[in-house]
Structure formats: structure tokens, C-alpha cells
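Colleague: First to last, the sequence lines map onto chains A and B. Positions in the first sequence are counted from 1; adding 5 to them yields our numbering. Positions in the second sequence are counted from 1; adding 5 to them yields our numbering.
Each hint can be trusted.
Using 27 Å as the maximum straight-line C-alpha spacing, the simulated DSS-like pairs for lysine-lysine come out as follows:
| hint | chain 1 | residue 1 | chain 2 | residue 2 |
| --- | --- | --- | --- | --- |
| 1 | A | Lys182 | B | Lys186 |
| 2 | B | Lys206 | A | Lys186 |
| 3 | B | Lys186 | A | Lys186 |
| 4 | B | Lys182 | A | Lys186 |
| 5 | A | Lys182 | B | Lys206 |
| 6 | A | Lys182 | B | Lys182 |
| 7 | B | Lys186 | B | Lys206 |
| 8 | A | Lys186 | A | Lys206 |
| 9 | A | Lys206 | B | Lys186 |
| 10 | B | Lys182 | A | Lys206 |
Just a few of them, taken from the derived set where beta-carbon distance is under 10 Å, the chain A residues facing chain B:
| hint | residue |
| --- | --- |
| 11 | Ala173 |
| 12 | Ile179 |
| 13 | Lys186 |
| 14 | Asn191 |
| 15 | Val195 |
| 16 | Thr214 |
| 17 | Ile223 |
| 18 | Phe235 |
Beta-carbon label-pair distances, calculated as ranges:
| hint | chain 1 | residue 1 | chain 2 | residue 2 | range |
| --- | --- | --- | --- | --- | --- |
| 19 | B | Ala128 | A | Thr238 | 35 to 43 Å |
| 20 | B | Gly207 | A | Ala117 | 53 to 61 Å |
| 21 | B | Arg231 | A | Asp32 | 39 to 47 Å |
Rather than coming from a laboratory, the hints here were simulated on the basis of the structure. The structure displayed is predicted, hence computed values, not measured ones. By construction, the Cβ of each residue, glycine as well, lies at the ideal position given by its N, Cα and C atoms.
2 protein chains.
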Amino acid sequence: MEAALGAIAGQRRLELDMAQNVYDNPDFFAGYSQLPRQVQGLDGAPEWPAVRALLPDLAGKRVADLGCGFGWASRWFRDQGAVSVLGVDLSQNMITRARADTDDSSIEYRIADLETLDLPEAAFDLVYSALTFHYIRDFERLVSMIASALVSDGDLVFTIEHPIFMAAAHPDWISDKEGRKTWPVNGYSVEGERRTDWFTKGVLKYHRTLATTINGLIRAGFELRRMEEFAPTPDQLIEMPFLAEELERPMMLLVSARKN
Amino acid sequence: MEAALGAIAGQRRLELDMAQNVYDNPDFFAGYSQLPRQVQGLDGAPEWPAVRALLPDLAGKRVADLGCGFGWASRWFRDQGAVSVLGVDLSQNMITRARADTDDSSIEYRIADLETLDLPEAAFDLVYSALTFHYIRDFERLVSMIASALVSDGDLVFTIEHPIFMAAAHPDWISDKEGRKTWPVNGYSVEGERRTDWFTKGVLKYHRTLATTINGLIRAGFELRRMEEFAPTPDQLIEMPFLAEELERPMMLLVSARKN
Numbered sequence: 006m007e008a009a010l011g012a013i014a015g016q017r018r019l020e021l022d023m024a025q026n027v028y029d030n031p032d033f034f035a036g037y038s039q040l041p042r043q044v045q046g047l048d049g050a051p052e053w054p055a056v057r058a059l060l061p062d063l064a065g066k067r068v069a070d071l072g073c074g075f076g077w078a079s080r081w082f083r084d085q086g087a088v089s090v091l092g093v094d095l096s097q098n099m100i101t102r103a104r105a106d107t108d109d110s111s112i113e114y115r116i117a118d119l120e121t122l123d124l125p126e127a128a129f130d131l132v133y134s135a136l137t138f139h140y141i142r143d144f145e146r147l148v149s150m151i152a153s154a155l156v157s158d159g160d161l162v163f164t165i166e167h168p169i170f171m172a173a174a175h176p177d178w179i180s181d182k183e184g185r186k187t188w189p190v191n192g193y194s195v196e197g198e199r200r201t202d203w204f205t206k207g208v209l210k211y212h213r214t215l216a217t218t219i220n221g222l223i224r225a226g227f228e229l230r231r232m233e234e235f236a237p238t239p240d241q242l243i244e245m246p247f248l249a250e251e252l253e254r255p256m257m258l259l260v261s262a263r264k265n
Numbered sequence: 006m007e008a009a010l011g012a013i014a015g016q017r018r019l020e021l022d023m024a025q026n027v028y029d030n031p032d033f034f035a036g037y038s039q040l041p042r043q044v045q046g047l048d049g050a051p052e053w054p055a056v057r058a059l060l061p062d063l064a065g066k067r068v069a070d071l072g073c074g075f076g077w078a079s080r081w082f083r084d085q086g087a088v089s090v091l092g093v094d095l096s097q098n099m100i101t102r103a104r105a106d107t108d109d110s111s112i113e114y115r116i117a118d119l120e121t122l123d124l125p126e127a128a129f130d131l132v133y134s135a136l137t138f139h140y141i142r143d144f145e146r147l148v149s150m151i152a153s154a155l156v157s158d159g160d161l162v163f164t165i166e167h168p169i170f171m172a173a174a175h176p177d178w179i180s181d182k183e184g185r186k187t188w189p190v191n192g193y194s195v196e197g198e199r200r201t202d203w204f205t206k207g208v209l210k211y212h213r214t215l216a217t218t219i220n221g222l223i224r225a226g227f228e229l230r231r232m233e234e235f236a237p238t239p240d241q242l243i244e245m246p247f248l249a250e251e252l253e254r255p256m257m258l259l260v261s262a263r264k265n
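If we strip away everything but chain A, and leave its shape as in the complex, we get:
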């Protein structure tokens, strides 16, 4: 009975997923395209220096960029010496723009859903993904597929929204009793769907605890090499004082893992 209910709930979630290609929603896409990181590329993302520090040397590497968006990182990997890059994204809007912005036959862009994507075995030296996996319902399937797509000693480097940032029913700043900017956490251990308004109503994400994410990697055969909970550097705070609030709670988790 519970299994049957679970299957129905799973089916319902799957249907929601298919409908939830939010990046091809015109309102969402119009707002999203104006984000500094979409206009300026990697340098518009304050976490980029920290992400870059997690990346291996790229010379000669075959890279998959899962959730490649406009292809900013895919092109950067090639600039750093990668021999080939496969950029994958669910959004036709994103891939169309990525193709238009790229003049390099060693970069291939593909429209595909990471919930069902299968990559060839041992075909990549690095799998990279920026701020995408929190949209994925079945993380276990995905990391297992990534592990098989990587060569031995291949690297997985990814960023996601931090579970501290995602957990609460109403994830928005509140004040503590002294008026300090404070982030609410509730429902942390209750994993699953979270819906928030971001350029459009009810954007669907999947909350997982940090332990679930890390243990999932280890179970799939990865060794954790480093993690970061992005916070601005002192230099970044001088240049971009609005980043100070990022010291109060981490918005992003950055992970570097190696296939055993």
C-alpha cells in the first residue's frame, strides 16, 4: 500500500518535473537572462574564484557541463585547454543561445533532462555542474550515472544551493531580536520538494540534507576532496559590499570529489 502510494507520488512528481522546465517560461527567462552571471558570464558570479580553485588542470581533458545554460563555463573549459566539452541543458532557450554564442566545433551542446540523461561510460575526465543539481529529483541516479561516465580518478566539481538556504518553508530574511539579518531554517531533515517564487511563481527545487548529498557521492564511488560553503572574501566585500549578507548564511555549496 505504501509502495503503491509512493509510486503514485513518484509519478506525480515526475509529471511536475516534466512541466517544470522553468527556463523556457518567458517571464522566468526574461528575468533570469538579466542576472549579472548571465550578462557578464563567469566573472559575474561571486563564487567563481572559489569554484575555479576546486577545478583540476583542464589541459587535454574531456569535460561534461551539466546544466550548461548559455555555455559560459563550457567555453572557458576549452579556453583552458580541454579537448572537448559536452554542454547539456534542459532549456531550449539556453541551448539556442549557447550555440549562437559559441564558434568551436569541439563544444557540443545538447538538450536533455538530467533526470534521464545517460552519458557513455568512462568518456569524461571532468563532470562539472553549476547550480543545477538542486532541480534534480533523483540525485542518486544522477551521481551513479556520472560515476560511470567518468574515467578512474576523474573529477566531479559542482555547486548547488546550500541546504541551509533551501530548507525553510519561507526562505527569506528575518530579523533576530537585535535586528540582525537572520536566515530561517525549518524542515531541514524533511527532504523533497520546495517551491519558491523566483522570477515566476512556484519554481520547483528538491531539498536534500548536506549528509544525503555527501553520503550519496561516497556511495556512488566518489572520494570527497573538498567542500566550500561560499562566503565572500575580504576583497570581494570591499568591491561588493552587498555581499556582506552572504556571511550570515551560506547560499551555495561547492563540492569537489574524485572517482575512486
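Chain A is already provided as a structure; the job is to place chain B on it using the hints.
Modeller: Below, chain B alone, put in the same frame as chain A:
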């Protein structure tokens, strides 16, 4: 100049540490001794089944129990077949009671400060610590010492207060706009001293981000094997409904790591 100020601040912190043997404060000790986990031992700690699942087979093992308190775990390790256990605690009260409650010449109890403790090299198969490391200022020194005290493939299993639990200036329940129990997070990326009132005023703890703790282990030569952010099981919620609030935010982090 900054280095000099840093050294002075360090010295000041060190003096505070020495004064901060809170477990020998009579008010604190009187309250603390009445906690279920002190009266009933391991079974009084709801996270114990999860901790136990992280522990290796104990038969024939040499164990160090850092922050051993009354010696509940030290005695349990012997019951499970450990050949020797060294229990270490800063508190004379705790060690006196541990010795009185133990009739086993293979368990040695020692009063020592984990900030300066040195254990012999490659002398232990398992280092265990429960809810102690968040009192330690110099985690890097401690894990490096533990790494050298363990044999190759030796295990480190420990629990600490979760950084989500510890970060905020006022770590106590608040309500979200729908009245839901909510945990405040601020200052997450600002590591260092936290003072809270717990049986006595101004108990001193050291907040570190999750990334600092995990990366510190990896840097010291450990491979992360598993982590848990303790949440009650459905059975525990039926038996102990008051644990429901633990689903809202994790109070404890449980870590299992192996020396490479």
C-alpha cells in the same frame, strides 16, 4: 601589526580556555549530571543508534575516547571487545566519577586538555569523541594529533554540535510567519567564539563551518566515510514526540572518517 593583534587575541582566548573548564563549575555540573544521557548513559542519547551505526567492529581494538565524561562509552567499547580504552577528559569531576563507576583495568582514565593533549603515534585503532570538539579552539592541531595517534586505516568517529545549531548570536527557537518553529542562522561564515547560557552563563564554544571541519579532516589525511545530521527516526518520534523539533534543524553532526 595584524599578526601581533592576532597573537594577543590568541593568548586571550587561551586564557579563557583554561578558565573555561565548565564541567567543574558546581552549577553546571549539578545540572549537567541530571541530563538523561548522564543518568541513563548511551541509551539516554537519541543519536546513539546513529552513532553506533558509524562505529567499526570493536573486537581487539585499542580505543581513545576524547571527552569521555562519566565513561559510559569507554565501558561500552570494552563490552564490545575492545582490548584497551583510554578515556580523556578535562573535568576532574567527570574523571573521578568515571573511575568510581569502572571496574576494569583495561580502561584508563586521564585528566587532560584536548587543546594540548599528545597521544603516542600509531597507538590506537579508533578515536571516538562525543559532543566535545566544539569546545576546542584549535581543531586543526587536534585532528593532526589524532591522525598521528591512529594506525593506518584507523577510524575517527565523532559527534559535535552542528554548525547550523551553533552559528547564531541568539541560538534559540523563533517563529516563522505561520508560527512554525524555526531556527535562526546568522554569522555562519564568521568562525570563532560563541557564548551561550547552558546551566551556567557564557559557556564558551567554537563555531566552525561544516566545510572547515570536513576540509580539516581531509587535510589531516582522513577520508570521509559518512556523515549524519542527526534526526529522529519514525520509531523514535512515536516513543519520544518531543524529538519532532529535531526535524526542523540538525542539532548534531556525526562524522566517520578513516585515516588514509
